[in-house]
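Residue numbers (the numbering used here), protein chains in the order written: chain A, 33 to 200; chain B, 33 to 200; chain C, 33 to 200; chain D, 33 to 200.
Simulated from the structure, these hints should not be mistaken for laboratory data.
Among the clues, some could well be false.
A pair holds if it fits inside one copy or across any two, identical chains being indistinguishable in the list.
Lysine to any residue pairs mimicking SDA-like chemistry, simulated, CA-CA at most 20 Å apart [to be verified]:
(1) Lys150 with Gln124
(2) Lys145 with Gln124
(3) Lys128 with Val170
(4) Lys103 with Leu71
(5) Lys181 with Gln129
(6) Lys181 with Ala95
(7) Lys128 with Ile116
(8) Lys191 with Arg51
(9) Lys181 with Pro119
(10) Lys47 with Glu194
(11) Lys181 with Ile83
(12) Lys58 with Ala188
(13) Lys128 with Ala186
(14) Lys181 with Met81
(15) Lys164 with Leu180
The structure presented is a predicted model; accordingly, all values stated were derived computationally and were not measured.
Here is what each chain is made of, one letter per residue.
Number of protein chains: 4
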Amino acid sequence: MLRTKRAAGRMYSRKLLRREVRKIYKRWLGLLISAETLLTVRYAETDRMGIVHHSNYPIWFEAGRMDFFQKIGASYTGIEAQGILLPLVRLQCDYKQAIRFGEQILVRTVLAKISAVKTEFSYEIYQPGNEKFLASGVTVHAWTDQNLKPVALAKALPKVYELLRQAL
Amino acid sequence: MLRTKRAAGRMYSRKLLRREVRKIYKRWLGLLISAETLLTVRYAETDRMGIVHHSNYPIWFEAGRMDFFQKIGASYTGIEAQGILLPLVRLQCDYKQAIRFGEQILVRTVLAKISAVKTEFSYEIYQPGNEKFLASGVTVHAWTDQNLKPVALAKALPKVYELLRQAL
Amino acid sequence: MLRTKRAAGRMYSRKLLRREVRKIYKRWLGLLISAETLLTVRYAETDRMGIVHHSNYPIWFEAGRMDFFQKIGASYTGIEAQGILLPLVRLQCDYKQAIRFGEQILVRTVLAKISAVKTEFSYEIYQPGNEKFLASGVTVHAWTDQNLKPVALAKALPKVYELLRQAL
Amino acid sequence: MLRTKRAAGRMYSRKLLRREVRKIYKRWLGLLISAETLLTVRYAETDRMGIVHHSNYPIWFEAGRMDFFQKIGASYTGIEAQGILLPLVRLQCDYKQAIRFGEQILVRTVLAKISAVKTEFSYEIYQPGNEKFLASGVTVHAWTDQNLKPVALAKALPKVYELLRQAL
Numbered sequence: 033m034l035r036t037k038r039a040a041g042r043m044y045s046r047k048l049l050r051r052e053v054r055k056i057y058k059r060w061l062g063l064l065i066s067a068e069t070l071l072t073v074r075y076a077e078t079d080r081m082g083i084v085h086h087s088n089y090p091i092w093f094e095a096g097r098m099d100f101f102q103k104i105g106a107s108y109t110g111i112e113a114q115g116i117l118l119p120l121v122r123l124q125c126d127y128k129q130a131i132r133f134g135e136q137i138l139v140r141t142v143l144a145k146i147s148a149v150k151t152e153f154s155y156e157i158y159q160p161g162n163e164k165f166l167a168s169g170v171t172v173h174a175w176t177d178q179n180l181k182p183v184a185l186a187k188a189l190p191k192v193y194e195l196l197r198q199a200l
Numbered sequence: 033m034l035r036t037k038r039a040a041g042r043m044y045s046r047k048l049l050r051r052e053v054r055k056i057y058k059r060w061l062g063l064l065i066s067a068e069t070l071l072t073v074r075y076a077e078t079d080r081m082g083i084v085h086h087s088n089y090p091i092w093f094e095a096g097r098m099d100f101f102q103k104i105g106a107s108y109t110g111i112e113a114q115g116i117l118l119p120l121v122r123l124q125c126d127y128k129q130a131i132r133f134g135e136q137i138l139v140r141t142v143l144a145k146i147s148a149v150k151t152e153f154s155y156e157i158y159q160p161g162n163e164k165f166l167a168s169g170v171t172v173h174a175w176t177d178q179n180l181k182p183v184a185l186a187k188a189l190p191k192v193y194e195l196l197r198q199a200l
Numbered sequence: 033m034l035r036t037k038r039a040a041g042r043m044y045s046r047k048l049l050r051r052e053v054r055k056i057y058k059r060w061l062g063l064l065i066s067a068e069t070l071l072t073v074r075y076a077e078t079d080r081m082g083i084v085h086h087s088n089y090p091i092w093f094e095a096g097r098m099d100f101f102q103k104i105g106a107s108y109t110g111i112e113a114q115g116i117l118l119p120l121v122r123l124q125c126d127y128k129q130a131i132r133f134g135e136q137i138l139v140r141t142v143l144a145k146i147s148a149v150k151t152e153f154s155y156e157i158y159q160p161g162n163e164k165f166l167a168s169g170v171t172v173h174a175w176t177d178q179n180l181k182p183v184a185l186a187k188a189l190p191k192v193y194e195l196l197r198q199a200l
Numbered sequence: 033m034l035r036t037k038r039a040a041g042r043m044y045s046r047k048l049l050r051r052e053v054r055k056i057y058k059r060w061l062g063l064l065i066s067a068e069t070l071l072t073v074r075y076a077e078t079d080r081m082g083i084v085h086h087s088n089y090p091i092w093f094e095a096g097r098m099d100f101f102q103k104i105g106a107s108y109t110g111i112e113a114q115g116i117l118l119p120l121v122r123l124q125c126d127y128k129q130a131i132r133f134g135e136q137i138l139v140r141t142v143l144a145k146i147s148a149v150k151t152e153f154s155y156e157i158y159q160p161g162n163e164k165f166l167a168s169g170v171t172v173h174a175w176t177d178q179n180l181k182p183v184a185l186a187k188a189l190p191k192v193y194e195l196l197r198q199a200l
């Protein structure tokens, strides 16, 4: 759904389309690896509009991303301990429905793409037990060393690279 | 620059292209109304990577947006006092270069688009005196009442609508 | 422990001392009602020192406070829905040991004091399964209406007042 | 004012009293070095109570503290560049009056105490041009190395120590 929605806004290349179709297909078959992170909305996350301030969603995505690494057997703290960082290159978030203090939310994180130096995750935020998502997002990351110079993950951390490839 | 960069990632419709060209043209002529917000990076805005955490950029964009309203003569608190809100529908941020504690940054905010119920702003973050931007972003907003139901700005706040149209 | 530690820094009035003794006594007997909130430290909560930024502790205390209300059968959202707010009057936090990204922490919240218009909570942050606490804190609150005018809780919400008194 | 207010809550030792009197005296004579930091309240800093969330005050204090270091000629980034950190040991904040979105505030930072390994700052938050303060606070810090082991500032950074002593 997220995908077809986004598709409306741009023309799809053949390659991109093929990847999207494969993803939907895998999801239907239950083969898509995803992490599910349950969070309770904090009072401090609201603003004077009475709803969650939009700057908190990327923080929730991040919590989901960390759980995704754990799920596939790659510890994010372990990665950083080896001197490899994963800063953001791009963030996108679509806000469909307001989220309020005290609500429980479920962040579903999926690995969307992986290349030599970049990795992309996509996220959907749900109310538990409700299929309609409240928000969705994408983060694109570069793998870098501690000076923020890009590194090839396959060389720097071949094991993590393999775990990610299998989770695609 | 931001625009051509983004253009690379998608195909441009004729209409979109025309708007982009007009915008670049206006900017060159110095006719584009923009707000410039000077901020000092806070320690609390950094993370353990040693750089600013990505979730702070939307907060800086917001500060820029508020200054934009002030610049065109429309007070944002005044708008909210009349029961009209401007929640986000979409956020996009591109991180070009890390930003660090203590640095001064300049947020340049421009009104990108305005329609019956939506309004789009675009942002570029600079180091003062340096033309190369460190980050750029877009926020898309819906005008709503206090129950978050969409309203037509032209009807709800005709004066604000006019000020925005003139700033385009 | 928290209490004796703090005691070192000031002279105790007889009344205060009696209350502290009763509290320690109740805790030993397992009669002290407390809420335990388990949290995982978020990446965004760290700063460039590599540890959690101190401004996040009050947010964790708040999460603990909300769980405390739930534990005694008083919903905080329910309280606000009736137009009663609980803003802070005072915050105190003691940082004993650094807390890092990815760690699990346990916030133990206790009602410390309740009077006509004020309510005080105290907090201790632990690593699960470790009795040595990492931080402790106190928040003092005023019960107010939506214009932030003080109200007497016993009159405004007698049921909530009773639930709190029993939890003391 | 802040001081006498706080004084009500505890008994004063002779030594503490003498220090407080000297401080008030210096302030009257205009000899007390203080940094004044002007900030505009951000929308993201509010919560659903419609006022600034209490967890933002320590972040404002921090901004004030950084300006204090700059004012006395000691760069905080310079200190960290030499491997010395200044984590918090204790935070205290008193909230006198709600602060709202869009308001301008002035953080007045004063060095309150300095010993071999600890340093204490005190803060008052004002509306510019209004002598009545909206909030006040204290932060106590330890000087440490990058492993968070305490260091004696006088030995580690004698020049910074001297600048601080003169600012007392």
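Checking an output row: Lys164 and Leu180, CA cutoff 20 Å. Within, between, both or neither? Answer is between: at 18 Å across copies they meet the 20 Å cutoff, but 38 Å inside does not.
What label fits Lys103 with Leu71 when the C-alpha limit is 20 Å: within, between, both, or neither? both (17 Å within a copy, 18 Å between copies)
Lys58 and Ala188: within-copy, between-copy, both or neither at 20 Å Cα: neither (29 Å within a copy, 46 Å between copies)
Up to 20 Å CA-CA - Ala186 versus Lys128, copy category: Classified as neither: same-chain Cα gap 36 Å, cross-chain 23 Å, threshold 20 Å.
Intra/inter-copy verdict for Lys128 and Val170 if alpha-carbon distance must be at most 20 Å: Result: close both inside a copy and across copies, 14 Å intra and 17 Å inter.
Evaluate Lys150 and Gln124 at a C-alpha cut-off of 20 Å and name the case that applies: within, between, both or neither. both (16 Å within a copy, 18 Å between copies)
As a check of your reading, is Lys191 near Arg51 (CA-CA no more than 20 Å) within one copy, between copies, both or neither? Cα proximity of Lys191 and Arg51: none, with 24 Å in one copy and 47 Å across.
Homo-oligomer pair classification [Ala95, Lys181; C-alpha up to 20 Å]: neither (24 Å within a copy, 30 Å between copies)
For the identical chains here, do Lys128 and Ile116 meet the 20 Å Cα criterion within one copy, between copies, both, or neither? between (34 Å within a copy, 19 Å between copies)
Same-copy or cross-copy closeness of Lys47 to Glu194 [CA-CA at most 20 Å]: neither (22 Å within a copy, 44 Å between copies)
Same-copy or cross-copy closeness of Lys145 to Gln124 [CA-CA at most 20 Å]: both (15 Å within a copy, 18 Å between copies)
How would you classify Lys181 and Gln129 at a CA-CA limit of 20 Å: within, between, both, or neither? between (38 Å within a copy, 11 Å between copies)
The structure fails hints 6, 8, 10, 12, 13 (numbered hints given earlier, in ascending order).
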